[in-house]
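Novice: The residues making up each chain are set out below.
2 protein chains.
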Amino acid sequence: MSRPEVVARLLAALGDRVDTTESALERARADKSGHAATGRPIAVVRARSVEDVQATLRIATATATPVVTRGAGTGLAGGANAGDGEIVLSVRAMDRMLEVRPDDLLAVVEPGILNADLNRALQSHGLWWAPDPASREISTVGGNIATGAGGLLCAKYGVVRDAVLGLDLVLADGRLLHLGHRSVKGVTGLDLTSLVIGSEGTLGVIVGATLKLRRLVPGEVRTLAATFPDVRAAAAASAAVTAAGLQPAIMELMDAASLAAVHALLRLPGPTPGAAQLTVQTDGPAAEGEANAIGAVLRTAGGTVSIARDAADGEQLLAIRRAMHPAMESLGTTLIEDVSVPRSALPAMFDEIDRIERAYGIAIPTVAHAGDGNLHPNFVFEGPEVPPRIWDAADDLFRAALRLGGTLTGEHGIGVLKRRWLADELGDDQWQLQRDITRVFDPAGILNPGKVFAS
Amino acid sequence: MSRPEVVARLLAALGDRVDTTESALERARADKSGHAATGRPIAVVRARSVEDVQATLRIATATATPVVTRGAGTGLAGGANAGDGEIVLSVRAMDRMLEVRPDDLLAVVEPGILNADLNRALQSHGLWWAPDPASREISTVGGNIATGAGGLLCAKYGVVRDAVLGLDLVLADGRLLHLGHRSVKGVTGLDLTSLVIGSEGTLGVIVGATLKLRRLVPGEVRTLAATFPDVRAAAAASAAVTAAGLQPAIMELMDAASLAAVHALLRLPGPTPGAAQLTVQTDGPAAEGEANAIGAVLRTAGGTVSIARDAADGEQLLAIRRAMHPAMESLGTTLIEDVSVPRSALPAMFDEIDRIERAYGIAIPTVAHAGDGNLHPNFVFEGPEVPPRIWDAADDLFRAALRLGGTLTGEHGIGVLKRRWLADELGDDQWQLQRDITRVFDPAGILNPGKVFAS
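Those protein sequence lines, which keep their order, are chains A and B.
Residue numbers for the first sequence follow our numbering, so the first one is 1 and each next one is one higher.
Residue numbers for the second sequence follow our numbering, so the first one is 1001 and each next one is one higher.
One chain only, chain A, in its complex shape (with noise of 0.2 Å):
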């Protein structure tokens, strides 16, 4: 069928929701990786319930149209690009909270809630759902559960696997299934809900997800600030600090040309040449004790440490770390990566981020939450496109993060980005068998092709 006639289907079924103004259109072509498909999409569909998802893939199926589903379009993977001829499935409409339950620790949501919307929400019901993104003012919950994505408190308090129940699934062809359940044990068949979470849109399109929520954490947080000669000293004192037992909310290692970009973006005076700072946060009832503690773990491992007693104080020493992301775009385009390594393997990984800079000519900015292993080595470059050279440094660290025992993404996702490397760490056999599964919930691959395991 032809497109016209494909977007003729879509006006007369969901009329107002269907949108093909050139400045949408152009918009759903990229994400915040600053990468952007090829040619453009036929249409928005602005979906508010659903019954319209339902009738979008119905209508997608019947015409074998491609489908994007898309929240905010603030991954860093190329995961909700659309291109050339297919139909963007917008759920970041569908943003109610359905159900609030303190009693059962859950909430019903639908997918395109802000993550902060939704704390803010919970906040008067004593109530958080732990997954913190740094996007998380501007991605949608139905985004975060279908990247898998993580944020600073994960070593603490869990990754979005850790915090859902279950979701509600619209399959390629409109059927509708419910997965999981309300209840804290559940082993009915298969685990389904933790398989579409992290499945980047291939599986279906997320239309609910009951949450799994934490109590808000009592008593003062206490912030701690600890800067050392160099980053391997810095990764190694944060190994040192979950070695020696102790669980920080937050820990986060920031190298020195990080804090300059930072430094000098919100007009600080230059931090010293080479210094690397970890910012470590701790919280709960025993906040002051496990704070004391790690600062003696830090003081031995050569660090020069300042504690913030109170909450004001302790937000501006993270200000410097949230500032990243905006001081990296200051200096061009930037390629976010995203391995993940076991803990004791983070100055390994500085190592190795090390040679890869001398053998490249080039700097990585990076930063890491060092509490989970997870680091962001920033590859800066001018214009849209990811120069050759650059994709050969990348490659480089990827296969060192495997090397280590590392795994290519801990909380962006695969998307387009990365797809050329998944074989590498599944190995093809596990590869072809995902792609495979896949094909059991989309049988004429329609849903985001092109993306995770496209060859």
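What you were told as hints is all true, and nothing was included just to trick you.
For each label pair, taking beta carbons as the anchor points, the in silico distance ranges come out as:
#, chain 1, residue 1, chain 2, residue 2, range
1, A, D16, B, D1428, 33 to 39 Å
2, B, R1027, A, D428, 36 to 42 Å
3, A, R322, B, E1329, 54 to 60 Å
4, B, G1219, A, R322, 30 to 36 Å
5, B, D1084, A, A13, 50 to 56 Å
6, B, E1051, A, T304, 51 to 57 Å
7, A, S124, B, Q1123, 38 to 44 Å
8, B, G1445, A, R96, 39 to 45 Å
9, B, G1245, A, E99, 14 to 20 Å
10, A, E99, B, M1001, 52 to 58 Å
11, B, A1008, A, A359, 53 to 59 Å
16 Å max Cα-Cα, derived EDC-like pairs, lysine to aspartate or glutamate:
#, chain 1, residue 1, chain 2, residue 2
12, B, K1212, A, D162
13, A, K212, B, D1162
14, A, K212, A, D162
15, A, K156, A, D132
16, B, K1156, A, D162
17, A, K156, B, D1162
18, B, K1156, A, D103
19, A, K156, B, D1103
20, B, K1156, B, D1132
21, A, K32, A, E329
22, A, K212, A, D132
23, B, K1212, B, D1103
24, B, K1212, B, E1099
It should be emphasised that the hints constitute simulated quantities derived from the structure, not laboratory data.
Quantities reported herein were computed from a predicted structural model and do not represent experimental measurements.
Think of the CB as a built atom: it goes at the ideal place given N, C-alpha and C, for glycine as much as any other residue.
Chain A is fixed; fit chain B onto it per the hints.
Specialist: Frame of chain A, contents of chain B only:
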């Protein structure tokens, strides 16, 4: 191929790993559910290595012979029962801990290690693996993973799904896959690790596991016992504890019939007729304060509360709960049920049990992991087969749990005993989808046929 020919092939490839003695074949017909398979398997292969498992599966595939994987045979749903013409693949002898990394909070183990043996070995490192099924002294880690086993500590410390980073899986055709990762975070491809957890031998044979560990919890435990005039009051009190934002490590509920049976078995003075009991344990640095706060909630809810301040006295209180399974066995043949409901629905579920007891004229002694809403109603009867009338009552019970937003099985699995209700919970579309996923792993359907998805 004839059965003797299959056995001959196994003997040629695996020699003394193959056991065809009558006693071995007979033992493999049953687990601890009280249910046994029809007929008898043709051989028990006692694998000592991954290669043994691969060799067995290659022969099974080549000869189209069904394979039932078995650990210690302590399951409660018949999932590991092997019947007519099947090969039993025992991984019980693969029981080594291959690696423990306190700095990365992980251990790599073979599947046959007993849960309690693992935890004794981890203790010297100051570590533990949280899943604690009541069977922990006799059940294997591989079996815990294959069934998605739970335990007493789940509300505070999570379920198996939260405690496994990666799995090594041998497919039906003998290929070995490495699923998951060693890092805290990892979203590379589909989460097949979670898919295999609780898959009850239908997707492949687990030959290795990378486990996520916790530090031993510091401090002394506090244990409370609270007596209530009836079971509904006890259930309402437990829901009130959760609703008050308190998080005990353990919160177990026993109804009057359970208490009576255990007191008789242990030759204790008879309990107050009709009375039900909650046994609650707090741990960690704040154990004392939490115990006092929980005690106050329980008293307000009408309970008579006593607090044990040392571990030995606390263990004595919990010993009554731990004697439940032998107490039931002393009454007759037992069908242990395993429904799970949202915590707030626990009182309503006890109302349903009361209704079913009266409707069918039977007693259903029930214990519950009240902290997470998981109930174990026990149907007791004479003889080896579950009578139709008991199945009718169980059917009524399952439907009541589903109506209350619950699930068929919280921690035991579907096995053979609940397969006829599986589609009632999943819906026909999801049932078929899940079954089709098993066929991606096992196209010929030789892995544990007749379990979980058999209609």
